[in-house]
Amino acid sequence: MGEDKEKRTLTYLERLKQKAISQENYGGEVKAEEAKMEVRDCPECGAGRAFRQGLTACAYCGFKFMNTRLTDGVHIKKENNS
Amino acid sequence: MFGLFDKKYHNPELLEMIGHTQERWFAFLDKLENRMHEMCTAAVPEIKEVFNQDTDPYKRAHGHMLMGLHGQINQMRQKANKTKEESIFYFIDRATTQLPDFISSAGREYHDKLRIFRLDCINRHNIFEEKIAWYTLMLNNAVEEQDLETFYQEQLAAFEDIRNKFICKQCGGNIAIAKIFFIATYITCPFCQTQNTFTPSTGAQMVLHQARSLAEQRTAHLLKAYEASKPKNSQLYQQYLRSMFDEWNKIVPDMATENEKFYQRMLHDHTNSINHY
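Going down the list, the sequences are from chains A and X. Numbering-wise, our numbering puts 70 at position 70 of the first sequence, and it's gapless, one number per residue. Numbering-wise, our numbering puts 170 at position 170 of the second sequence, and it's gapless, one number per residue.
Please note that a few of the clues may not be correct.
PhoX-like, lysine-lysine: derived pairs with alpha carbons at most 20 Å apart [claimed, not checked]:
1. A:Lys7 - A:Lys19
2. A:Lys36 - X:Lys179
3. A:Lys17 - A:Lys7
4. A:Lys36 - X:Lys165
5. X:Lys8 - X:Lys113
6. X:Lys31 - X:Lys48
7. X:Lys48 - X:Lys82
8. A:Lys19 - X:Lys59
9. A:Lys77 - X:Lys179
10. X:Lys131 - X:Lys31
11. A:Lys17 - X:Lys48
12. X:Lys230 - X:Lys261
13. X:Lys31 - X:Lys113
14. A:Lys36 - X:Lys169
15. A:Lys31 - X:Lys59
16. A:Lys31 - A:Lys17
17. X:Lys31 - A:Lys7
18. X:Lys84 - X:Lys165
19. A:Lys19 - X:Lys48
20. X:Lys113 - X:Lys84
21. X:Lys261 - X:Lys179
22. X:Lys79 - X:Lys131
23. A:Lys17 - X:Lys31
24. X:Lys165 - X:Lys179
25. X:Lys250 - X:Lys261
26. A:Lys77 - A:Lys64
27. X:Lys84 - X:Lys8
It is worth saying that the hints were derived from the structure and are not from the lab. Remember, predicted model here, so these are calculated numbers, not experimental data.
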């Protein structure tokens with residue numbers, strides 16, 4: 001009887017452990033990436049992104065890089081709206 | 001009048017039922033406690049194993065496992081609560097209605113007996129609840145704290161290594177990164193003024209996530225001092241809170257303004273808390 005109980009607890013824990021390990025995490029596995037530097041060229045005129053009255057539009061041809069309106073964040077500020 | 005001269009009330013059946021119900025309630029809780037003990041003691045080494053094997057930076061497999069075990073304990077708590085309502089309180093209520101009036105000497109003895117029975121059952125249940133709290137803590141503390149300080153120092157060193165190694169993707173000019181960043185940011189090339197997007201490594205991004213825990217680890221001795229004080233010394237807690245936030249801001253200076261608001265709220269919560277004793 002005692003052994004039986006112990007077995008039951010163990011199998012329960014075993015199952016729980018398996019489930020915990022095999023459960024897929026939201027967003028998938030976290031991949032370790034190195035720090036990197038990127039630049040977004042303007043698809044219209046090919047110029048690099050430069051600051052001119054903001055960052056949301058191309059400084060040379062006015063192409064809109066993004067349509068969202070930026071709000072104050074840690075590094076991005078409202079002033080970065082073109 | 002007031003039933004003062006009524007005959008003494010006798011109900012041996014009820015006494016027997018009280019004894020029997022109490023016995024069953026105690027045995028039921030004993031059984032639940034045994035199961036909880038078995039499960040939790042067997043689970044501790046398993047939790048440690050899962051934690052050590054878990055490669056996820058957020059240790060989510062460990063979190064799932066812990067949550068499952070908490071769920072089991074909660075089920076036991078619900079079972080106990082349900083039985084308390086259905087078998088103890090219901091029984092007392094029903095028995096009370098059948099007794100003579102409380103203020104009559106005849107009913108007094110039995111009302112007292114029921115009251116004592118009720119208290120005994122509640123006290124036993126409180127012991128069960130204390131055990132739940134104890135085992136929950138045991139499961140939560142099954143793994144040792146992660147060494148966040150070493151991880152943080154590693155990330156700082158890694159950043160020092162790479163800070164001068166980046167070049168502008170537009171003109172190829174050298175870009176020196178002035179300070180460590182924990183989230184992506186724009187960095188202006190000093191030569192061609194192009195806005196480069198710098199994305200920190202996954203490790204550096206994790207620092208932001210772990211900053212509070214690290215600050216708490218650094219100031220754990222202050223919290224301990226507060227918790228050890230009797231009666232609890234509010235000044236000590238305020239000292240702890242200030243130093244914890246100072247450490248946090250040292251690690252992630254970018255968040256200082258937001259953290260200050262959070263600090264004010266926690267301080268407010270603490271000073272308005274009723275749990276000072």
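Consistency of the hints with the structure:
A C-alpha spacing of about 18 Å is found between Lys7 (chain A) and Lys19 (chain A), which places the hinted pair at or below 20 Å, so the restraint holds. Under the criterion of a C-alpha separation no larger than 20 Å, the hint pairing Lys36 (chain A) with Lys179 (chain X) is consistent with the structure, at around 15 Å. Between Lys17 (chain A) and Lys7 (chain A) the alpha-carbon distance is near 15 Å, which keeps this suggested pair within the 20 Å criterion. In summary, the hint linking Lys36 (chain A) to Lys165 (chain X) is supported, as the alpha carbons are separated by about 10 Å, within the 20 Å threshold.
For the given pair, Lys8 (chain X) sits about 15 Å from Lys113 (chain X) by alpha-carbon distance, which is consistent with the 20 Å threshold. Between Lys31 (chain X) and Lys48 (chain X) the alpha-carbon distance is near 26 Å, which puts this suggested pair outside the 20 Å criterion. With a CA separation close to 33 Å, the supplied pair Lys48 (chain X) and Lys82 (chain X) exceeds the 20 Å bound. Restraint check: the Cα-Cα separation between Lys19 (chain A) and Lys59 (chain X) comes to about 14 Å, which is no more than 20 Å; the hinted pair holds.
A threshold of 20 Å between alpha carbons decides the hint, and for Lys77 (chain A) with Lys179 (chain X) the separation of about 18 Å falls inside it, so the pair holds. With a C-alpha separation of about 13 Å, the suggested pairing of Lys131 (chain X) with Lys31 (chain X) holds against the 20 Å cut-off. Between Lys17 (chain A) and Lys48 (chain X) the CA atoms are separated by roughly 11 Å; this keeps the pair inside 20 Å, and the hint holds. Taking the CA atoms of Lys230 (chain X) and Lys261 (chain X), the gap is about 29 Å. The hint is violated against a cut of 20 Å.
The hinted pair formed by Lys31 (chain X) and Lys113 (chain X) fails the criterion: a straight-line CA distance of about 26 Å is larger than 20 Å. For the proposed pair Lys36 (chain A) and Lys169 (chain X), the alpha carbon gap of about 11 Å is at most 20 Å, so the pair holds. Distance check on the hinted pair: Lys31 (chain A) and Lys59 (chain X) sit about 14 Å apart at the alpha-carbon level, within 20 Å; holds. Our distance criterion of 20 Å between C-alpha atoms is broken by Lys31 (chain A) and Lys17 (chain A), whose separation comes to about 23 Å.
Using a Cα cut-off of 20 Å, the hinted pair Lys31 (chain X) and Lys7 (chain A) holds, with the two alpha carbons roughly 17 Å apart. Annotation: proposed proximity of Lys84 (chain X) to Lys165 (chain X) is violated, straight-line Cα distance about 68 Å (limit 20 Å). For the proposed pair Lys19 (chain A) and Lys48 (chain X), the alpha carbon gap of about 16 Å is at most 20 Å, so the pair holds. Restraint check: the Cα-Cα separation between Lys113 (chain X) and Lys84 (chain X) comes to about 18 Å, which is no more than 20 Å; the hinted pair holds.
Pair hint Lys261 (chain X) plus Lys179 (chain X) does not hold up; C-alpha atoms about 24 Å apart against a cutoff of 20 Å. Only pairs whose Cα atoms come within 20 Å are accepted, and Lys79 (chain X) paired with Lys131 (chain X) is accepted, the gap being roughly 15 Å. Among the hinted pairs, Lys17 (chain A) with Lys31 (chain X) is inconsistent with the structure: their alpha-carbon atoms are about 24 Å apart, more than 20 Å. This hinted pair checks out: Lys165 (chain X) and Lys179 (chain X) have alpha carbons roughly 14 Å apart, not beyond 20 Å.
Annotation: proposed proximity of Lys250 (chain X) to Lys261 (chain X) holds, straight-line Cα distance about 16 Å (limit 20 Å). At roughly 17 Å between alpha-carbon atoms, Lys77 (chain A) and Lys64 (chain A) fall within 20 Å of each other, so this suggested pair holds. Distance check on the hinted pair: Lys84 (chain X) and Lys8 (chain X) sit about 31 Å apart at the alpha-carbon level, beyond 20 Å; violated.
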